[in-house]
Amino acid sequence: NAGVTQTPKFQVLKTGQSMTLQCAQDMNHEYMSWYRQDPGMGLRLIHYSVGAGITDQGEVPNGYNVSRSTTEDFPLRLLSAAPSQTSVYFCASRRDRGVREAFFGQGTRLTVV
Amino acid sequence: GEDVEQSLFLSVREGDSSVINCTYTDSSSTYLYWYKQEPGAGLQLLTYIFSNMDMKQDQRLTVLLNKKDKHLSLRIADTQTGDSAIYFCAEGGSGGYNKLIFGAGTRLAVHP
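Taken in order, these protein sequences are the chains called G and U.
Under the working numbering, the first sequence has 89 at position 89, and the numbering climbs by one with no breaks.
Take the position in the second sequence, starting the count at 1, then add 1000; the result is the number in the working numbering.
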């Protein structure tokens, strides 16, 4: 049972480059989300999705795009990377009702130089 | 808006009890959670409490909820070195999606 899989684990980008962080889950969860984790600031919600074809902005969406064409996948795109996007990124998924336990991927450590 | 606050660091001796505190602002939260993050890993749900409860015990863990003061605490009895991690408090925020709002995390260091 893979759970939530994120790739890559590490990435270094130059300012202005674009890339896509991949996230896949095999639990048939409706809800998926992307967070970034910065020292002293905890996890901040970037974008989330409540089902295939439905996405919405979280707390810090600027500079990021998402799409949800399937239940399983929720990629996060950086169109033009900036040093302020240096962070650890976590993808999470959960069921749509009841105790809202979120299952997290292992994280992607991104450095923008 | 919604906000969750917790102290950033706690140091305890092995075998002592640890108490990690958290305050939150959204009184409509249905569930309140404690997540644990070990080095280099994602977050894992440790325990949760429903908002109409004031206490929940799960082996070495005790969660206390003071809804009037919007204060949540996690007590770890007989703290072990394996408990060293970052502990995040989270609330299930209001709104249709019930976003999870996390605190900044408390780093627990357990020393001999």
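No wet-lab data here; the hints were simulated from the structure.
Careful, some of the hints might be misleading.
Reference listing, derived: stretches of chain G covered by chain U, where coverage requires no fewer than 3 residues with Cβ under 8 Å from a Cβ of chain U [unchecked claim]:
1) 34-42
2) 45-58
3) 68-77
Every residue gets a Cβ at the ideal spot worked out from N, C-alpha and C, and that includes glycine.
Query raised in the report: Holds or violated: the segment 45-58 of chain G covered by chain U, criterion of 3 or more residues with Cβ-Cβ distance under 8 Å?
Result: holds (count 5)
Query raised in the report: Count the residues of the segment 68-77 of chain G with a beta-carbon closer than 8 Å to any beta-carbon of chain U: does the count reach three?
Result: violated (count 0)
Report task. With a C-beta cutoff of 8 Å, work out whether three or more residues of the segment 34-42 of chain G approach chain U closely enough for the coverage to hold. Result -> It holds, with 4 qualifying residues against the three required.
Of the hints listed earlier, the one the structure fails to meet is number 3.
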